[in-house]
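Enquirer: One-letter residues, chain by chain:
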Amino acid sequence: MPYKILSVDDSLTIRMLVKRSFKNFDCAVFEACNGEEGLAAAIREKPDLIFLDITMPVMDGVTMLTKLKENPDIKGIPVIMLTAESGRENVAYIAKLGVRDYLVKPFKDEQLIEKASRVLKLEPKPASA
Amino acid sequence: MPSAHDDIAKAFGLEAVPESVHRLTQMIASRSGSIVEFGKLVSADKQLTARLLKFANPRAVDEFDYNITTVEGALQRTGMSVALLFAMTDPLVRAVLKTFDTMLGIKLETLPLSTPFQEDHVLGEVGFSGQANGKVQLRFPKVAVPVIGARLLGLEASDLEDPAIANDVVGELCNMVAGNFKSNLCDAGLPCTLKPPIITITGDFKLQSLEGGSSERYPFRSPELALFVDLAVNPWGG
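Protein chains in written order, with this note's numbering: chain E, 1 to 129; chain S, 1 to 238.
Isolated chain E (complex conformation) (with noise of 0.2 Å):
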């Protein structure tokens, strides 16, 4: 059963960035372009790991965040951080909420993966028949 990895992020580029990262490995990455639908992304494919941007239109990432932890029901699913925003007060109010990593851009795959690897047990994808 391939990890389900949800990235959220407005912008299409980043999106594309993870879901290039992760080719390799045996995950299907899903894609929202705000808080609100990683919010319904989350509830409705329940993933392995989220990847978040804190700026975003419409339900920004602290936001999405924190509605994540109020909901018994995804308040388990580790979030990492993917954000240009590397000031230590808003870093440390992040961490409170309860993120399992942060990563700030820019960034390359190479960290995107060792991140995600602190999480998951990432193997390569399987040889299609």
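One or more of the hints may lead you astray.
To be verified - Keeping only pairs whose Cα atoms sit at most 27 Å apart, straight-line, the calculated DSSO-like set for lysine-lysine is:
#, chain 1, residue 1, chain 2, residue 2
1, E, Lys67, S, Lys195
2, E, Lys108, S, Lys107
3, S, Lys10, E, Lys108
4, S, Lys98, E, Lys19
5, E, Lys19, S, Lys40
What the hints assert, rightly or not - What follows is a set of in silico ranges between Cβ atoms, one per label pair, in the way DEER data are often shown:
#, chain 1, residue 1, chain 2, residue 2, range
6, S, Pro196, E, Lys19, 19 to 29 Å
7, E, Lys69, S, Thr202, 37 to 47 Å
8, S, Lys195, E, Ile43, 38 to 48 Å
9, S, Thr202, E, Ile43, 42 to 52 Å
Unchecked claim - Beyond 12 Å from chain S on every Cβ pair, some chain E residues (computed):
#, residue
10, Asp48
11, Asp53
12, Asn71
13, Lys75
14, Arg100
15, Asp101
16, Leu120
17, Lys121
18, Pro124
19, Pro126
Since the hints were made in silico from the structure, they are not lab data. Cβ atoms here follow ideal geometry from the backbone N, Cα and C, with glycine treated the same way.
Using the hints provided, position chain S relative to the given structure of chain E.
Expert: Showing chain S alone in chain E's frame:
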């Protein structure tokens, strides 16, 4: 001494706050102090002092030609916001170099001066508001967009004919530069939030001013890319 916030950042493997941001913090904290006190902080930084004196003596051919030779004199002439703008240069330049190297594998160099763009070019702008107000603008030639798209995502030039994709690629780079710079401002005691990126094509190369603030242009080059970054900031804008 590192704070609890620094410890959390370290636990996540985030980079330490640059020394230049600590200096900026001290300058912001002392802004209500006297010009002498502020001048002492500026004088502790040789590069900052040199830039400020040069700016305060715009007609001078070299430093032997300066009419204003002290930091206090220069601050009286230019205002303290100019010194703060120059102090913000290092965090901004770091953000630009890191973003282009990490995301595109492009190693940019800073230049003291460069030839202005004569043709229509891409202008990506991200504003910020809060304790400090301003904007970061990235300017590069239109022909650079396919290079950036290919480097970042392996996109073909035809993919970037869709303005939504091209704008998103450019906008995300602007976001990363502005986001890192903004985080440094927050760490220095000027909390602010970013606005969404705006991408346009323009023939207007003029450095834009900001009411009550100061503006500065920073040219960058690599064999693949010519880039200008404009910073306009009002550190007392909040």
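Enquirer: It remains to establish, for every hint, whether it holds in the given structure.
Expert: Hint check:
For the proposed pair E/Lys67 and S/Lys195, the alpha carbon gap of about 23 Å is at most 27 Å, so the pair holds. Between E/Lys108 and S/Lys107 the CA atoms are separated by roughly 15 Å; this keeps the pair inside 27 Å, and the hint holds. With a CA separation close to 19 Å, the supplied pair S/Lys10 and E/Lys108 stays within the 27 Å bound. Pair hint S/Lys98 plus E/Lys19 holds up; C-alpha atoms about 22 Å apart against a cutoff of 27 Å.
A distance of roughly 51 Å separates the Cα atoms of E/Lys19 and S/Lys40; the hinted pair therefore is violated under the 27 Å criterion. Between S/Pro196 and E/Lys19 the CB atoms are about 23 Å apart, so this pair conforms to the stated range of 19 to 29 Å. As the Cβ distance of E/Lys69 to S/Thr202 is approximately 44 Å, the hint placing it in 37 to 47 Å holds. Taking the beta carbon of each, S/Lys195 and E/Ile43 are about 30 Å apart, not inside 38 to 48 Å as hinted.
A beta carbon spacing of about 43 Å between S/Thr202 and E/Ile43 agrees with the range 42 to 52 Å that was offered as a hint. No beta-carbon of chain S is positioned within 12 Å of the beta-carbon of E/Asp48; the least distance is around 20 Å. The claim that E/Asp53 lies off the interface is violated: its Cβ sits roughly 10 Å from the closest Cβ of chain S, which falls inside the 12 Å cut-off. No beta-carbon of chain S comes within 12 Å of the beta-carbon of E/Asn71; the shortest separation is about 24 Å.
The claim that E/Lys75 is not at the interface with chain S holds, since no C-beta of that chain comes within 12 Å of its own (minimum 20 Å). Separation of E/Arg100 from chain S is inadequate, the least Cβ-Cβ distance of about 10 Å not exceeding the 12 Å criterion. A cut-off of 12 Å between C-beta atoms contradicts the statement that E/Asp101 is not in contact with chain S; the least separation is 6 Å. Every CB of chain S lies more than 12 Å from the CB of E/Leu120, the least distance being 18 Å, so the non-interface label holds.
The Cβ of E/Lys121 sits about 20 Å from the closest Cβ of chain S, beyond the 12 Å cut-off, so the non-interface label holds. Under the 12 Å C-beta cut-off, the non-interface status given to E/Pro124 relative to chain S holds; the minimum distance is some 20 Å. With a cut of 12 Å on Cβ distances, E/Pro126 stays outside the contact zone with chain S, its closest approach being about 24 Å.
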